[in-house]
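Protein chains in written order, with this note's numbering: chain A, 1 to 101; chain B, 1 to 175; chain C, 1 to 722; chain D, 1 to 510.
Read the hints as simulated data drawn from the structure, not as lab findings.
Errors might be hidden in some of the hints.
So the derived list for chain C, only partly shown, Cβ under 7 Å to chain B, looks like this [as the list claims (entries may be wrong)]: (1) Thr683; (2) Val687; (3) Met708; (4) Ile717.
Cross-link-like lysine to aspartate or glutamate pairs, in silico, EDC-like; alpha carbons within 16 Å at most [said to hold, decoys possible]: (5) Lys701(C) to Glu58(A); (6) Lys98(B) to Glu58(A); (7) Lys631(C) to Asp621(C); (8) Lys462(D) to Asp621(C); (9) Lys462(D) to Glu367(D); (10) Lys466(C) to Asp370(C); (11) Lys381(D) to Glu169(C); (12) Lys381(D) to Asp456(D); (13) Lys450(D) to Asp370(C); (14) Lys502(D) to Asp56(D); (15) Lys168(C) to Asp118(C); (16) Lys168(C) to Asp456(D); (17) Lys426(D) to Asp291(D); (18) Lys617(C) to Asp315(C); (19) Lys114(D) to Glu30(D); (20) Lys701(C) to Asp95(A); (21) Lys389(C) to Asp470(C); (22) Lys450(D) to Glu167(C).
Here a beta-carbon is modelled for each residue, glycine too, at the ideal position from N, C-alpha and C.
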Amino acid sequence: MISLSSYLFISFTLFIAGIAVMIARKNIIAMMLGIELILNSAALNFAAYSRFVNNNLEGHLMSLFIIVIAAAEAAVGLAIVIRFFQIKETIHIDDAAQLQS
Amino acid sequence: MFENTLFFLSATLTIVGAAGVVFSKNLMHACVLLLGSLFGIAGLYATIGADFLAASQLVIYAGGVVILMLFAVMLTGGSADSSNKFGIEKIPGMGSTKTYVIAGFSVLVISFTILKLMANFMKSYKAGELPAFSSTVEEIGTLLVTDHVLAFEISSILLLGALVGAAVIARPRKG
Amino acid sequence: MEYTISTIAPIVLLPFFAFVINAFIVKRFTSLAVFISCASIIGSFFYAARVFFDFLNVFSADYYIHKTFTWFDLSYGSFPFKLDMGIYIDNMTATMLFMVTGVASLIHIFSTYYMHDDKRYGRFFVYLSLFTSAMLALVLSENLISVFIFWELMGFCSYSLIGFYYEKEGAGNASIKAFMTTRVGDVFFLLGILAIWSVVGSVSFVDIYQAIGMGKFNGLYALGIPLATFAGFSIFMGTIGKSAQFPLQVWLPDAMWGPTPCSALIHAATMVAAGVYLSLRCYPLMEAGHLTMFIAYIGGITAFGAATIALVQTDIKAVLAYSTISQLGYMVLGVGVGSYNAAFMHLITHAVFKACLFLSAGSVIHSLHDHHTHAHVQEMPRMGGLRTKMPYTFLAMLLCTFAIAGIPFFSGFVSKDRILGDALLMALDNKAYWGPAVLGFGGALLTAFYMFRMMFLTFFGEPRDKELYDHTKKEGLSWNRNVPLLILSVFTLGVFFSGSLTGQGFIKVSSEKYEWFKTLIVNPTKTDFSGRQAQPLSFTANPSGETFSKSKYDSTYGLSEEKAHHIHHVHHIGALVSIIIAFSGVFISAMMYFWRSWNPGFWVSLFSRWYRALQNKYYFDDFYIKGLIQKGLLPLNRLLAFIDMGLYDRYAIDGWEKVNRALFTISKWFDNIIVDTVAVDGTGASVRFFNVILRTIQSGKIQFYFIMIILVLTGYIWTLKI
Amino acid sequence: MQASSNLLNWILWTPFIGVIGVLLLPKSKENAIRWWSLINTAVTFALTLVLYSKFDTTVPGMQTAFNVKMPWISSFNIFYSLGVDGISLPMIILTGLLFFLCILSSWTVNKQVKGYFALFLFLQSTVFGVFLAMDFFLFYVYWEVMLIPMFFLIGIWGGENREYAAVKFFLYTFFGSILMLVGMVALYYASGKGVDSFNILALQGGKFSSLNLELFGTSVSFAKLFFIFLFIGFAIKVPVFPFHTWLPHAHVQAPTAVSVILAGVLLKMGTYGFLRIAYPIFPAASVHFADAIAWLGLVNVIYGAFCAMAQTDVKKLVAYSSVSHMGFVMLGLAAMTVTGMNGAVLQMFNHGTSTAMMFLLIGILYERSHHRWIVRPDGSKGFGGLYTQLPRFSIVFIIAMFASMGLPGLSGFISEALIFLGIYEKYTTITVLALIGLLLGAAYLLWMFKRMFFGDVIEECKSYTDMNAREIAYMVPLCVAVIVFGIYPAPVLNVMRASVGKLVSMLATY
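One chain only, chain A, in its complex shape (with noise of 0.2 Å):
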């Protein structure tokens, strides 16, 4: 009952929300939420096709690592907004069109 298509259906879910999050919103930190949907839908992916199809690790390992670039992706893009926030005093994003100011 409980197959790959369920997972499968929840990470379209997934991936078709972010997609609509990072479209949708105009500001840099809802985009980023998107962006976390996106990763988690892939993530899941893996997991799902490693336990049903595969079934070894190497799916979860490649989890484990988009877990951890996302971590990372967070941590970096967070502070440039920080940053960008200090010089700008916004987080609008279509105040970041112009490559230098």
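Knowing the structure of chain A, use the given hints to seat chains B, C and D on it.
Same frame as chain A, but now just chains B, C and D:
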């Protein structure tokens, strides 16, 4: 039975959380909802026997990333004024009708695309007999320091770099 | 005596090490530096004396020491090249070493008096030590390249010492003039070395003598000049430069800008004599190249011409400088007329008495101190009557003046008389030699005249500058002022050179008594070099001395009785003539300046044009400096420099810029009219259209990019056939 | 290839490590940058001395023990190949020494210290590259890359007219390089594009002497044509007479240390190119053109000396004297005898030390006076009485000057004498005329010395201070080198003897 219950609960939590992130009008709420969604994913990991993964998910995401997000949200609040010297709102709105329409359209396109890809795969997929669960912690540990030691080390360097980089970038500068 | 490295090397190395040590300590420990210099040269003197007396004891023509070591070796396969350095000591070298170290020691001692109050007291001794070691090394050299090396080093010391008072503009001019003039000769010398190398494949003296003996120099050089003539002439040009012979004599009078002891050592006793020494060493080459008459003429002209200029000088050092040139001319004349032995003897005797004369002049100058200008007085018109004030200096100077004037029983007579006798002999033999002979005798007359003129003006008569005279202190006997002078003046007695006592008792050659000097120094052409080989440094054994055979030293040997008688006869006539000439010179001088019976002004007005020419040194300086250099060389330089930067670089090189710019204009026009308007502008319009579209896409908005990515990816995926 | 030592790699890349170090140091830590550069160059110099101590003087040609060879661009058979022989070793030691001393002399550079020292060390690396490269392509790359730091060093830290001089230097050298490039490519095709097409050693020995080219309908000897190409390429660097005008400009405008390197090392790259590439690859053509080279060398000697005498800028005077002295090297090269060639290589080394001394001294003087006029354009004296004012400086200057004019006992003499001994038999007329250059050389230097150092101290010079400890520190090694190699040249001559002899014996068969 327990497995099924856990699965459904987790799946519900995940999807509801994700939907909340999409539709919430408050950034703080969105963060908390994301936390819920991540908890749900941890639950899903548990249902496929990935105990180590579930634990990591809880610790790193729930304990680290989301807290970080909350910090960022608070730090970017600043003074009571809602708009900066350019007249732009500091914490911008969570989207307008226009953006939602665009997002919806994009999502539709992507959904069809992914479904097209998945359809082919699903046709050929046959569920087989699954092995019993066993603890994965030891095995993952072994793999990390044998076959995947390079990736492991690189990720540690990445984390170090991210740590230093975040500190350097966020540091306030004179002038 | 056994010769090893430690018996010979100290002669050169003691002064050299003194130089090296003093160069570092001279600023801090001046007195110590001076002491080291003096001690080293005196030590060197004892080593040299050991060598000299050993040679005197052995007393053989064929006694020599010749040791070499390899300086560097460039041989590869079938291309040999090896340069040896080494020492070659024969009777001449030993005598020379003894003279140089002796004179140098006394001059060092005198310098401690003369230079004591100078602010660069110590530095003077540094230069002196370097110079002495270079001179001694030159004397010991066994080949021409090493002679050249030390020759140039001496030139450098001479340059530094002439420019010793570098605050004075004149000293700078004089030093550069001295260096450049001798360098002209040096360049020819180097050319001669190259020519000899190309013939012999070595520049060792012994090898050259052997090669001459084998007839290697008989070939022709370019333009029909024999090789020996070319090589000999080039080497002799070195002599002309270094020994201040006509026409390169201009530098020596100016060299008197240096301190007087340096004039005594370098520009009278040793360095200038080194030129003659070189000629004597290469004498077989000169002979083989038939250069003797040329050399004789150069010597005669110099001897006479310099003596004439000396007649009108009023500066005491200038008189001595011109007399040095003149005496060097006699030596060269001696080389030219084939009196090898007498030329060398004159070198030695001249070194002794001229060093003494210079030192005496230094003693005079040093004690005459003008309180108005705070300078020492060198002008003879301000002297006079100094006989009573400085009796020891007067005595020394008088003896030396006797020697240089050729008064019998003094050394100058012994040597100069024999040169003149040989010149007379040559003249009787070959009429072309009458020129040098007459010039030589004329010069002897003038020498006696101007030297006594100097003596009379300085020491006799009434003091002409009373104030100066009164300020001068009376001279006492002092170890570093007049004792060196007196020692030197003793050696102006002729008996030291014409005696026949040696370490082996009286010299008996074929049961006749002979002068030791005449016997000891033998013309190398009379020696057989064919079996000689250089020994390595560690080799100690030496060929045993052989007794003298008459053939080696006696110029009349092998001639008929009548001819030999003729030669003796001519020599006697020559001696008589030169005695008469010397005394008449002294007499004329006394008439003019002692008894004042004849008025010199009368003669000046009689020969006023000549007088002006003499005062202007025959216009040589004008010709060289104003003519050749200022009118010829410098404008040429400026012209070439202008051509180089102003024309060649500016137009030929930078002109390319102009050409490029013209090409650029043409191509720009082509671009504008044809390519741009027709072809490019059409393209440009379309580009501008797309530009607008692309610019809107390139908005910098991340979400827009994101959507674009999604669309493109989906599009791609939909086109896949899965 | 044997198991080889990595010494050459270390020599080549140590300065490069220095560059990276300088770049990593922050801009404000100027003293740290200076000390780092100094230590780096000292280490490099020590490495060159290690190379000297391990060098086997009996082996003619390349020392296989040091060879380094690995593929670089395999599709064109280009190798990263380094080697050392008796001709390049003196140059390598000279480079190590001069850069070390130049860092010391650059201590007073205050403008953009970081960039200066980075470029300077980079220059050292490229110069080592030229002297070590055994692959023609690698040689060419280093030859070209060397221009970049030079261009910036002259163009940024130079005098008033620096841009002009820098551009002129660059374009001149570039012109030569292009001809060299053509020659290189021609050799690549002529040798059949094989494994050894860029191998300098394998190209040696007249392999191309019988090859002919069709050019504009006439048959031209391949060797002669491309010898001329290579000749011009190297001659510009030397510089040989018609291509010499960049030198005075570059020298006058360049900062002291760069002048030193330019005169001390870079000019030698030209003559080194003859010895390493042009002569061995086209021996027959070299012998054919020897007369022309000799005459050009003579013109260099005389013309350089004449022009030097007319200069009123002391640095320009020394620059022209370099032209004159490099003429002696050309004469030695034209002789193609053991003496002449050894003399030429020795003269390259000796001129490096003596001219470096001259330029360093002028730099020291310039730091005090801020001008270099012997006689100002208005006719007044620029310097006067320096002998009284600066006694230590003057003594060192005398040593440098007399070494430069070839006084025996100092280094210049032996090399000049060897060159003359080598050339006399073949070109007697040229020798006689070149000796005039010796005379003129003494004349202009002494005249300059007299005008600047003798006489009373002029008002302006009274404030000058004598050399300080740092300045003495970097003059002393050169003084020692000049005196020691003047008295006993065997340490240098022994190194080069076998290699030069091999080259000469090869040339002698044509």
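Going down the list of hints, with the structure as the test:
Because the smallest distance between the Cβ of Thr683(C) and any Cβ of chain B comes to about 36 Å, over 7 Å, the interface hint for this residue is violated. Hint status for Val687(C): violated, given a least beta-carbon distance of 30 Å to chain B, over 7 Å. Interface hint at Met708(C): violated, since its Cβ lies 11 Å from the closest Cβ of chain B, which is beyond the 7 Å cut-off. Annotation: Ile717(C) was flagged as interfacial toward chain B, and the flag holds, the nearest CB pair being 5 Å apart, inside 7 Å.
This hinted pair does not check out: Lys701(C) and Glu58(A) have alpha carbons roughly 37 Å apart, beyond 16 Å. Of the pairs offered as hints, the one joining Lys98(B) and Glu58(A) is violated, with about 42 Å between alpha carbons and a cut-off of 16 Å exceeded. A distance of roughly 13 Å separates the Cα atoms of Lys631(C) and Asp621(C); the hinted pair therefore holds under the 16 Å criterion. A hinted pair counts as satisfied when its Cα atoms are at most 16 Å apart, and Lys462(D) with Asp621(C) does not qualify at roughly 34 Å.
For the suggested pair Lys462(D) and Glu367(D), the alpha carbons sit about 14 Å apart, so the restraint of at most 16 Å is met. Only pairs whose Cα atoms come within 16 Å are accepted, and Lys466(C) paired with Asp370(C) is accepted, the gap being roughly 12 Å. Distance restraint check for Lys381(D) and Glu169(C): the Cα-Cα separation of roughly 13 Å lies within the 16 Å cut-off, and the hinted pair is therefore satisfied. For the suggested pair Lys381(D) and Asp456(D), the alpha carbons sit about 11 Å apart, so the restraint of at most 16 Å is met.
Note on Lys450(D) and Asp370(C): the hinted pairing is violated, with a Cα-Cα distance of about 29 Å set against a maximum of 16 Å. Note on Lys502(D) and Asp56(D): the hinted pairing holds, with a Cα-Cα distance of about 15 Å set against a maximum of 16 Å. Between Lys168(C) and Asp118(C) the alpha-carbon distance is near 15 Å, which keeps this suggested pair within the 16 Å criterion. Taking the CA atoms of Lys168(C) and Asp456(D), the gap is near 7 Å; set against the 16 Å cutoff, the hint holds.
About 9 Å separates the Cα atoms of Lys426(D) and Asp291(D), which keeps this hinted pair within 16 Å; it holds. A distance of roughly 14 Å separates the Cα atoms of Lys617(C) and Asp315(C); the hinted pair therefore holds under the 16 Å criterion. A distance of roughly 7 Å separates the Cα atoms of Lys114(D) and Glu30(D); the hinted pair therefore holds under the 16 Å criterion. With a C-alpha separation of about 8 Å, the suggested pairing of Lys701(C) with Asp95(A) holds against the 16 Å cut-off.
For a cut-off of 16 Å, the pair hint linking Lys389(C) to Asp470(C) stands: about 10 Å separates their Cα positions. Between Lys450(D) and Glu167(C) the alpha-carbon distance is near 11 Å, which keeps this suggested pair within the 16 Å criterion.
Checked against the numbered hints above, the structure breaks hints 1, 2, 3, 5, 6, 8, 13 and satisfies the rest.
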